[in-house]
Amino acid sequence: MKILVCISVVPDTTTHIRFTDKMDALDTSGIQWIINPWDELALTRALEIREQPGSGVTQISVIHVGMKDTEPVIQKTLAVGADSACRINHAPADSLETASQIAEIVRKELFDLVMTGHDSADYNGSAVGEMLAELLGWASFSSISSLSVAGSVITLEREGDIRSETIIAKAPCVVTIQKGIAKDPRIPSLRGIMTARSKPLTVVEPVKCVPLTRFLRFENPAPRSQCRMVDASNVEELVNLLRNEANVL
Amino acid sequence: MSILIYAYQYGEKFPKPVLELASYASALAEQTGGTVTAIVTGNPRESDLEMLGQYGVSKIWVTPEPAGPSFDNRAYAALLASAAEGCGASFVLLADNAISRAVAPRMAVRLKAGYISGVAGLPLHMDPFTVKRSVFTGKASAYAEILTPVKVLILARNTWQTIENPVTCLIEKFTPAVSLPAPDFEVVKVMEQTGTIRLQDAEVVVSGGRGMKSADNWKLLEDLAGALGAALACSRPVTDEGWRPHQEHVGQTGKVIAPNLYIACGISGAIQHIGGISSSRVIIAINKDPEAPIFQFARFGIIGDLFQVLPALTQAVKKLKSE
Ligand SMILES: Cc1cc2nc3c(=O)[nH]c(=O)nc-3n(C[C@H](O)[C@H](O)[C@H](O)COP(=O)(O)OP(=O)(O)OC[C@H]3O[C@@H](n4cnc5c(N)ncnc54)[C@H](O)[C@@H]3O)c2cc1C
Ligand SMILES: Nc1ncnc2c1ncn2[C@@H]1O[C@H](COP(=O)(O)O)[C@@H](O)[C@H]1O
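The listed protein sequences correspond, in order, to chains A and B.
According to our numbering, the first sequence is numbered sequentially starting from 9.
According to our numbering, the second sequence is numbered sequentially starting from 3.
FYI, nobody ran anything at the bench for these hints, they're computed from the structure.
Some hints could be false.
[As the list claims (entries may be wrong)] Some chain B residues near chain A, calculated using beta-carbon distances under 7 Å:
#1 107
#2 144
#3 146
#4 151
#5 191
#6 194
#7 198
#8 306
#9 313
#10 314
[What the hints assert, rightly or not] To be clear about the criterion: a stretch of chain B counts as covered by chain A if any three or more of its residues have a C-beta under 8 Å from a C-beta of chain A, and this derived list gives those stretches:
#11 83-90
#12 217-223
#13 278-285
No experiment lies behind these values; they were computed from the predicted model shown.
Here a beta-carbon is modelled for each residue, glycine too, at the ideal position from N, C-alpha and C.
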């Protein structure tokens with residue numbers, strides 16, 4: 009089985025988000041870029057699966073749609089154990105564009121299982137995985153918190169709104185993963201970093217695709233009003249404020 | 003302009019997010035001079051369906067579950083797309099939950115429609131169509147444009163109130179114009195969540211962090227949650243330690259919630275945590291460290307030892323509720 013993990017590159021989770029003067033784009037100065045946390049967990053789980061005897065996983069590749077400046081982050085996926093990486097040289101305007109670009113590669117390279125995160129921490133489209141599945145005509149499973157592979161049998165745990173289910177699925181399919189899939193992401197070893205340099209990072213030019221949505225401008229949240237302190241020995245006052253002033257009780 | 007909403011049910015009654023969605027849709031209908039159709043799957047009770055008419059829905063389409071008992075993204079997307087085409091919808095609106103996030107993007111591809119999730123409020127303009135949505139996990143907002151005639155939107159939690167707007171409501175059977183794909187997977191085990199209040203729908207959430215010190219101390223939070231009718235949540239280290247199940251973890255890498263009231267106990271307020279709760283209407287922080295960043299986000303704060311504050315607060319809430 010060949011697994012493809014889709015990687016979004018996002019600002020470090022501690023970043024204070026700022027925009028350019030015209031408020032029409034992210035101010036990228038000083039930003040530390042990371043692998044989207046969900047995607048990092050997806051990759052971690054893929055690597056764990058391959059290490060299990062009988063998984064039958066023969067290849068783990070990653071794919072990213074983005075410009076050259078993201079390559080150091082993509083290198084990290086190779087350093088922790090992905091076999092190869094593909095970067096589609098394009099700054100996508102919306103999730104459909106990303107999904108369409110990835111679909112092209114999946115069709116050509118015949119992956120069996122595609123993993124995406126359930127949400128990218130930048131523009132929170134929450135869409136690429138499902139759009140990709142529809143473009144490919146594949147089955148898809150979302151909110152997946154556990155995944156194992158044995159030969160062509162894929163076992164999943166899906167967490168819905170009111171129930172969770174264990175599902176046995178067939179390849180090919182797309183899974184959109186969430187928390188629980190893996191515990192801690194892997195940290196590249198020195199040896200991993202060295203071998204990553206000899207692994208293929210292919211750059212592919214994008215196919216033509218028209219975005220259906222676009223961002224016009226951005227806004228930072230209005231500053232919060234000051235916190236009103238209540239004395240620790242006077243919780244009744246807090247309860248009164250909640251009922252009479254904030255109207256939440 | 004025709005508007006389609008997906009009205010889901012867990013059990014019998016329509017949950018509040020569906021009524022909020024219907025209210026939002028009828029406000030949008032007013033803005034655009036259109037009508038609201040709701041699609042409902044399964045075997046709803048007539049009296050429950052009539053409820054939607056109270057919130058501005060003028061037509062309801064009832065249709066069997068598209069894939070029998072198993073939930074199939076592909077079949078649902080095909081069904082909803084067919085319903086959207088059937089009523090000539092310019093808008094398909096969904097509430098924010100796991101089903102919607104699974105189905106809406108697939109449906110949008112089928113309809114060649116632009117898709118936006120996290121929508122906060124009515125459109126600013128109709129032409130070009132512009133809405134406000136949240137980005138960077140609650141750290142910022144954006145104005146986004148949809149360039150297609152059909153638009154698929156997921157309404158963010160807590161953006162709209164339920165507003166009564168009774169209209170005559172026609173109930174019809176709906177049969178999709180396309181044959182729906184049969185699921186090619188097998189559900190081998192189902193675990194129903196019962197009893198507890200669902201974190202994502204909860205109006206009040208009581209949340210604990212590393213300051214709770216151990217799993218045993220959660221009794222204090224359970225008591226407060228019991229008194230308030232609240233759901234429980236926690237910070238990431240708490241689930242990493244195995245003190246609480248990972249379903250309760252909120253934040254950038256956990257659930258994103260927007261209750262009316264969020265009570266953070268022994269949580270420092272790391273930016274990754276705030277990302278998951280910043281849309282809460284009122285945040286209360288209980289922390290012994292006056293410098294804890296959580297106080298910058300809270301509307302009310304108590305500086306003190308949670309082991310003393312929590313039991314007293316639970317008592318005070320019980321007293322108020324019994325009055
Ligand atoms: C990529 C990434 C993603 C992350 N995602 C998330 C996420 O989704 N959600 C999340 O929560 N975190 C996330 N984190 C972790 C985050 O950075 C913080 O480490 C975490 O939120 C801290 O949890 P905490 O507030 O419970 O613990 P701490 O930061 O240790 O805070 C404990 C607080 O309890 C207070 N306290 C201690 N004892 C008492 C007492 N007796 N009475 C009152 N107060 C007391 C202390 O003053 C302190 O403020 C993420 C981190 C990374 C790197
Ligand atoms: N530019 C990208 N390149 C590759 N994969 C992406 C990209 N953007 C998003 N994804 C994948 O799609 C998931 C959901 O992203 P989104 O739909 O943008 O919220 C992410 O977790 C990634 O797995």
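Practice problem: Provide an ascending list of the numbers of those earlier hints which the structure does not satisfy. | Solution: Going through the list in order, the structure violates hints 4, 7, 9, 11 and 12 and respects the others.
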